[in-house]
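Participant: Using the sequences plus the hints, can you model the full thing?
2 protein chains.
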Amino acid sequence: MKDIHFICTYCHKIYSSDHVHPRCDECHEPLEVETVERGTISGGNSLNQTILERYADFSPFVHIDKQLSLGEGFTPLVASPKLSSGLGIKKIFFKNESQNPTWSFKDRGTVFGIQHAIRCGYERIGTVSSGNMAASVAAYGSKAGLRTVILVSATIPMEKLNPISMYGPMVITVDGDYGDIYFRSLDIGKQNGIYFINSDVPFRVEGSKTIAYEICEQMNFETPDYVVVPTSSGGNIRGILKGFEEFKLSGFIDRVPRMICAQASGCSPIYNAYAAKKETISRVDNPETIAHAIENPFPPSGNEVLRKLRIQNGIFVAVSDDEILHAQKKLAEDGIFGQPASAVGLAAVKQLMNRNMVKEDETVVCIITGGGLKYTAVYEKHNLPIFNCSLDNVNSFIAHHA
Amino acid sequence: MKDIHFICTYCHKIYSSDHVHPRCDECHEPLEVETVERGTISGGNSLNQTILERYADFSPFVHIDKQLSLGEGFTPLVASPKLSSGLGIKKIFFKNESQNPTWSFKDRGTVFGIQHAIRCGYERIGTVSSGNMAASVAAYGSKAGLRTVILVSATIPMEKLNPISMYGPMVITVDGDYGDIYFRSLDIGKQNGIYFINSDVPFRVEGSKTIAYEICEQMNFETPDYVVVPTSSGGNIRGILKGFEEFKLSGFIDRVPRMICAQASGCSPIYNAYAAKKETISRVDNPETIAHAIENPFPPSGNEVLRKLRIQNGIFVAVSDDEILHAQKKLAEDGIFGQPASAVGLAAVKQLMNRNMVKEDETVVCIITGGGLKYTAVYEKHNLPIFNCSLDNVNSFIAHHA
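The listed protein sequences correspond, in order, to chains A and B. For the first sequence, the positions run 1 to 402 when the working numbering is used. For the second sequence, the positions run 1001 to 1402 when the working numbering is used.
The hints are simulated quantities; they were obtained by calculation from the structure and are not laboratory data. Just so you know, these numbers come straight off a predicted model, no measurement behind them. C-beta atoms are modelled at their ideal positions from N, C-alpha and C, and glycine is treated no differently. Be aware that one or more of the hints could be misleading.
With a straight-line Cα cutoff of 27 angstroms, these simulated DSSO-like cross-link-like pairs (lysine-lysine) come out [as the list claims (entries may be wrong)]:
#, chain 1, residue 1, chain 2, residue 2
1, A, K66, B, K1082
2, A, K66, B, K1091
3, B, K1330, B, K1091
4, B, K1278, B, K1013
To spell it out: a stretch of chain A is covered by chain B in this simulated footprint if at least three of its residues, at any positions, have a beta carbon under 8 angstroms from a beta carbon of chain B; those stretches are [what the hints assert, rightly or not]:
#, region
5, 94-104
6, 147-160
7, 239-245
8, 331-340
Facilitator: Right, dumping it as structure tokens:
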């Protein structure tokens, strides 16, 4: 490890680099890795690198174990002329995180977290997840040869369990919501020697920084006006913002984009606190949204997201399931098929333009957090047409209908 | 278009660059783009390029429309120390094509094919597909704003249709097998002005070449002894071999790897012809394999794959569904979750090592053709364990069982 420290995001208490518990002993807010002052991007072609190597100056590690990588990150930034003209906005881009090894952004944080777990001597890892993170930690745990425990809320759609179990971890459905299980896992980890790479461990946040670094490179260091992040636990948006701030500190960019924290209105604890002008979030009772991947009723980084975005003039927004479904179809009709949570960004931009909060001469990047094949029950909502023909009739059918 | 020609892979008849029909008028074998003599790799970081740009010297296009790209290619090459020691082989790598925009290798060929379709003035495209290619052509067709017709065998697992229809094409299930529909589509295309970007159109083969180029770059131009390709229509293995041959011609590599054409024994027309020492393939009656993505009973490039691999001392192999399922689980337990067809490569290597045809001091690259979420009915075959616990009991359950 480099000579780094963890710092509490709220009270600024300092912890040493072998600290594993993700929250402050005093104020119970999340810790983060203290930012190094300046750094540079390793040159060359990303085809021959991992994100750990390319952005090594900005990571907490001196030695990197490349063999723990599955080839995460370096995802495309796709411009959409069609959707930008439809929205009446200057430019909209999609950072397609569904092109990761387990088809969500989680892989970036997992490859960072697992480096730390192994460095600290752990032989068992775990996570508490509503789906994407579970698949990711299971995959990387298997790759690293570690015993892996996945705790999942028993309310998870059943179709999400098998693709986690395929990787070979111990999958346990627990009768409780994500918020309850998250806090319980901290004790379970301590008592059983399991490193829980949960959504807001400092190293997962470090992994999410690389999304910002790549956006900067892909936009030739001209940052967009906004970056929209579908937000659940809050770890990803924290990491992306930290990444932009570090690149500004290092002189790569002139300004940090305004972050948009986008939630589903069926579970929007951070947006609710913002709207009610509160300092801290409150647990959402009976969360319900089609965007299961961001259905966390009591996000562990919620207060910190509130604080950070208020400082940087960020935006908080909540979108309905109808807005999400509409955006999901629009995205697919532009070639990008994301899970419902992935469409929350586009839905948010549309709403914010209608409210005149995002302007037509501005540029936006939306994070596509995970792939559409992750949640197939959503097809029912779209009334998708499928035709049938005999081999002999197909020519005339096409001549008349295509 | 550059000053290129199509050439018949069998009788070598020459066709002009605006030719659309993918097969020779005389001998009915597939056409291919005539190889340019030498080329070079565009430098720089692949994060800021498309595959069309990086390998432009080896593509048939003078002008490239980047806006048709969804960020295909530049997929990881993942080494597996665990599986290589398990197999007793020097090194095994996996080229993970499930990290493409629609989660299969097809996207490479589609982005090439659609350039040609638009250049030739088409406003409608189509494909005949058992799944992966359909999703890919639908996505790129939507991105390009073209009307897209997808012909699918009515025997396709239903779960594959919705994720195709999401992109907005006209999906038609046709009562017939893939082989019948393929040949019918050639007439439908002519009569209705639809460019069918089928599995072996010359430009799709051009796209598959980029898999070889990337492997060369990722292995620092020291090519492996073998590249194993799960093979259905034959277009992908043709493209990968052509890519290696072109890089050898251009002086980037010293030798072309031996290609392994791996099929499922429930549908192995190319392997059958090889085993029977025949010059041409015969249609497989009643194909049946868990690897639906490669279940083509009469592959349009079958004869050409036979010819080319015989010349280069390639290997033909067929693996059972049991071998495929075993390999699929082993792969997932190393962090890579592919659809059953994707596991055919690893299953083939295992069988060939048992038969002493691949040796322990050799190096192999397996192509992971598509992602595991594409075919979820396979979970039933794996007897995946999932546990349940109350929130209060989870700590003691883990203490005793994890």
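Participant: List in ascending order the numbers of the hints, as given earlier, that are violated by the structure.
Facilitator: The structure conflicts with hint 7 only, although it agrees with all the remaining ones.
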